[in-house]
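Asks: Sequence:
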Amino acid sequence: MVDKQMNDKVAIVTGAASGIGAAITKQLIDQGASVVGADLNEDALTTLKEQYGKAFHGLKIDVTKEGDHVKLVEETVSTFGKLDFAFNVAGANKTGTILEQSEEDWRFTVDLVLNGVFLGMKHQARQMKEQGEGAIVNVSSLNARVPMYSGAAYASGKAGVEMLTKNGALELARYGIRVNAILPGLVRTPITDSFTSNEKAHKMFMERIPMKREAEPDEIAGPALFLVSKEAGYVNGASLIVDGAWAVSGYPDLSLL
3 MVDKQMNDKV
13 AIVTGAASGI
23 GAAITKQLID
33 QGASVVGADL
43 NEDALTTLKE
53 QYGKAFHGLK
63 IDVTKEGDHV
73 KLVEETVSTF
83 GKLDFAFNVA
93 GANKTGTILE
103 QSEEDWRFTV
113 DLVLNGVFLG
123 MKHQARQMKE
133 QGEGAIVNVS
143 SLNARVPMYS
153 GAAYASGKAG
163 VEMLTKNGAL
173 ELARYGIRVN
183 AILPGLVRTP
193 ITDSFTSNEK
203 AHKMFMERIP
213 MKREAEPDEI
223 AGPALFLVSK
233 EAGYVNGASL
243 IVDGAWAVSG
253 YPDLSLL
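If you want our numbering, it's the position in the sequence shown, counting the first as 1, plus 2.
These are computed hints drawn from the structure, not numbers from a lab.
Each statement offered as a hint is correct.
Within a straight-line C-alpha distance of at most 16 Å, the following computed EDC-like cross-link-like pairs (lysine to aspartate or glutamate) qualify:
id: 1; residue 1: K96; residue 2: D113
id: 2; residue 1: K96; residue 2: E106
id: 3; residue 1: K124; residue 2: E135
id: 4; residue 1: K131; residue 2: E173
id: 5; residue 1: K62; residue 2: E76
id: 6; residue 1: K56; residue 2: D32
id: 7; residue 1: K84; residue 2: E135
id: 8; residue 1: K28; residue 2: E52
id: 9; residue 1: K6; residue 2: E233
id: 10; residue 1: K124; residue 2: E173
id: 11; residue 1: K28; residue 2: E221
id: 12; residue 1: K124; residue 2: E68
id: 13; residue 1: K84; residue 2: E132
id: 14; residue 1: K56; residue 2: E77
id: 15; residue 1: K96; residue 2: D195
id: 16; residue 1: K11; residue 2: D32
id: 17; residue 1: K28; residue 2: E218
id: 18; residue 1: K28; residue 2: D220
id: 19; residue 1: K205; residue 2: D195
Ranges between beta-carbon positions, derived for each pair:
id: 20; residue 1: A175; residue 2: L42; range: 31 to 37 Å
id: 21; residue 1: G98; residue 2: Y236; range: 39 to 45 Å
id: 22; residue 1: T81; residue 2: N43; range: 18 to 24 Å
id: 23; residue 1: Y151; residue 2: G235; range: 35 to 41 Å
id: 24; residue 1: K67; residue 2: A247; range: 34 to 40 Å
Computed from a prediction, not measured in an experiment: that's the story for all the values here.
Even for Gly, the Cβ is constructed at its ideal location relative to N, Cα and C.
Work the whole structure out from these sequences, hints included.
Replies: Printed below as a string of structure tokens:
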């Protein structure tokens with residue numbers, strides 16, 4: 003029997019069209035919630051609407067644009083009447099060493115993974131403050147704690163997400179809003195395909211991950227939903243690492259690829 007503990011709850015999920023965002027969307031709807039999924043991929047959002055029906059509403063937005071977040075929250079409330087939870091998942095990475103990376107690629111990555119979360123939190127929390135409660139989960143990364151060769155922009159942005167989460171918990175607790183972060187390790191998603199489908203890279207990662215496998219998106223979605231659940235009602239400002247114990251062993255030297 004499917005657990006329906008999310009009955010009557012309403013959530014925003016950014017990056018809902020694939021990977022971790024799609025897995026969070028599915029688990030929320032399976033547990034009875036209504037979801038507004040935000041993404042740039044309109045075709046994928048249409049497919050999700052066909053799959054989930056009235057429990058899902060898709061909206062094309064660019065998370066780096068503040069006006070798009072205003073529209074996202076407004077449309078969530080007009081469609082479903084309120085906003086209980088928000089999951090800020092959208093992210094991508096343009097790699098490059100510090101010596102070689104262009105300013106354009108640096109700004110693209112940090113704008114997406116850090117500024118996009120800030121703008122989302124800002125407007126999600128304004129709505130939750132009006133309602134007197136809410137919970138936000140930001141998807142950071144193990145790279146918030148562990149550097150990655152050619153990934154300075156991504157790691158720095160994700161480290162910023164972790165601290166932004168803690169600052170959000172400090173500022174928003176007085177309004178009944180909890181803010182927590184998930185720090186995934188290697189997950190089988192489109193963004194990590196260059197690692198999971200590359201035999202040499204995959205072998206290097208498996209040598210470092212004690213559980214000897216990458217996570218599936220569902221294995222990140224489950225802990226993310228826990229953080230908004232009533233069972234996590236006293237969890238606030240936390241960073242939950244979900245990485246198969248990878249953090250205890252360190253990152254492979256990707257310069258060898």
